[in-house]
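Chemist: Here the protein sequences come in this chain order: H and F. 646 is the number that my numbering gives to position 47 of the first sequence; each next residue is one higher, with no gaps. 59 is the number that my numbering gives to position 66 of the second sequence; each next residue is one higher, with no gaps.
Quick caveat, the hints were computed from the structure, so don't treat them as lab data. Each hint can be trusted.
Heads up, incomplete: computed chain F residues facing chain H, CB under 8 Å, no partners named:
| no. | residue |
| --- | --- |
| 1 | P37 |
| 2 | F96 |
| 3 | G99 |
The C-beta atom is built at its ideal place from N, Cα and C for all residues, glycine as well.
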Amino acid sequence: DGGITQSPKYLFRKEGQNVTLSCEQNLNHDAMYWYRQDPGQGLRLIYYSQIVNDFQKGDIAEGYSVSREKKESFPLTVTSAQKNPTAFYLCASSVRQGALYYGYTFGSGTRLTVV
Amino acid sequence: RKEVEQDPGPFNVPEGATVAFNCTYSNSASQSFFWYRQDCRKEPKLLMSVYSSGNEDGRFTAQLNRASQYISLLIRDSKLSDSATYLCVVNVPSGGATNKLIFGTGTLLAVQP
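The shape of chain F in the complex, shown without the other chains (with noise of 0.2 Å):
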């Protein structure tokens, strides 16, 4: 089993539709969550933190279930630039001290006006 599972899409939505995308995660130790916005041939950028059950940003809302593990991301209202592949990354502990974030391999979403 991977360690972070997405499914790739892509999903292809209307503009003002509502979406969501959820991630499974293998490793219960798992202690903080991201959904991250990849644009095509750019670096990621955070989009939102999910250290908790969950937090809204606006349009976005990511809930997160730590007894089935997995986290959600939510969409509402969706645009045409929303239109991103979206990463659901999990930080992870690495022995010792040190913990490392784990990608999935993303969520292609494409809005269509």
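Isolated chain H (complex conformation) (with noise of 0.2 Å):
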């Protein structure tokens, strides 16, 4: 089955620990997506990538750093300088036609804590 996958489903990171979100598609997807979503706030763009070796930043980025090396694999890496962490983090990727993105989908996010 053609999908998202994110791993892990549950994560605890230290303060001022590094820790690496995984999202792999096997749709294949032109662009993938990290959102971040926050009780009573709507899903917040981190970075969205177009093309493999190429990314954008999002409405948030600050504290947060990605790659895309492969067009299945688009890793996100949450800093220390994000003061912020706790959230449910949420991979999407989508087909695109011109300036338009059909198909979104999104995976099973990854809930992170600091503790």
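Two chains, two frames, some hints: make the complex.
Modeler: Below is the structure:
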């Protein structure tokens, strides 16, 4: 079955640590995205990538980093510079046709908690 | 003004009721619109896409009013399993040849037996 796999499902981070969240898709989608969801707020875009070896900052990129070395993979690193990282992180992918994106599909998410 | 606004609810309705959610958006250049459903502590899943004036899928009807810049979702004959948060999502230009999705904060629906 095609889909997006995020791992781990739950992650605990100590203060000052960097952690990396994995996102892999086998849908052959061009674009991939990372969102953060906090209670009472909509999803906020952290980073996105439209093609391999290229990515752009979203609305809340500070304290995060990404890479896109393969079409299938778009890992997100939450660095120690992110002051409030406790949140639900969602990875998504989509097909790109011109300026429009279709078939947005989400992974099952990673719940990150700072301890 | 927020780019996408929804009434957070909760909407508490009895089984069998008809319920409607509205969503307003601020960018008149928005090109496509979606309703996603999100269950508690789960990822959002696409419920309906709205590319023209609207569309219908079984008990669900989505309508788009470009002049007033709002989208609505109507659920008829509500089921207990419809209980979830419904996210309004708008595809807006973001500069150059790219677009991005803007998510509303969601409307919580609780269907009561």
